[in-house]
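Can you make the complete structure from the sequences, with help from the hints?
Under my numbering, the first residue of the sequence shown carries the number 38, and numbering increases by one thereafter.
Simulated from the structure, these hints should not be mistaken for laboratory data. A few of these clues could be false.
Unchecked claim - Below, in silico cross-link-like pairs of lysine-lysine (BS3-like), each with a Cα-Cα straight-line distance of 27 Å or less: (1) 112 to 99; (2) 168 to 134; (3) 99 to 62; (4) 157 to 168; (5) 140 to 157; (6) 112 to 122; (7) 134 to 124.
Since the structure is predicted, the reported quantities are computational estimates derived from the model, not experimental observations.
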Amino acid sequence: PLKTRILPLVAAASFVLAACQTVPKSIPTSLTPAEYFQDAQQAVSSHENYDAALVYYNTFIKRFPKDTSRIAEAKYEIAFLYYRKGKLQEAKSLFEKLVKEYKQPGGDALPRWPLVLSNKLIIIINDELAKNQPKKQGS
Numbered sequence: 038p039l040k041t042r043i044l045p046l047v048a049a050a051s052f053v054l055a056a057c058q059t060v061p062k063s064i065p066t067s068l069t070p071a072e073y074f075q076d077a078q079q080a081v082s083s084h085e086n087y088d089a090a091l092v093y094y095n096t097f098i099k100r101f102p103k104d105t106s107r108i109a110e111a112k113y114e115i116a117f118l119y120y121r122k123g124k125l126q127e128a129k130s131l132f133e134k135l136v137k138e139y140k141q142p143g144g145d146a147l148p149r150w151p152l153v154l155s156n157k158l159i160i161i162i163n164d165e166l167a168k169n170q171p172k173k174q175g176s
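See below:
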C-alpha cells in the first residue's frame, strides 16, 4: 500500500532535517576568525540553525578575546539572532549592552555599523514590545 511506502520516506526526510539542526559539539581550533563568521552565517542561511550560529559566535569571542572589532561584530550578530528567534527582551538587552561598550574607553576604535544597527533595532524592538502590551481597560 501507499502508506507503507510513504512512511519510511517521511521518516527519512525528518531525520535529515533534524540532522541539519544540530549544534556543533566542538569547533576546530584551527578556524580563522573569518571562518567562525562564515560558518555561523552558513548555519543560518542554509538551515536557519540559530543555535549553531550562536555557538560559533560565542566560541569566537572566547578564543579571540583581543580581537575587539570582530567581538563587537559577533556580539551584534548574537543579539540579532535572539531578535530573529523572537526573544525580544534578550535581544534588546544584548543590543543595549553593546551600545554601552561604544561609550567605554576604546569604543571609538570599534566598527560603527554594529552601533548604528543596534540603535535602530532597539527602537524596532521597543515598538514591537509596545504593540504586544495588553491594552489597559478604559483607555
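Here is how each hint holds up against the structure:
no. : hint       : in the structure
1   : 112 to 99  : 12 Å, holds
2   : 168 to 134 : 23 Å, holds
3   : 99 to 62   : 15 Å, holds
4   : 157 to 168 : 17 Å, holds
5   : 140 to 157 : 17 Å, holds
6   : 112 to 122 : 15 Å, holds
7   : 134 to 124 : 16 Å, holds
In terms of the numbered hints stated before, the structure departs from none.
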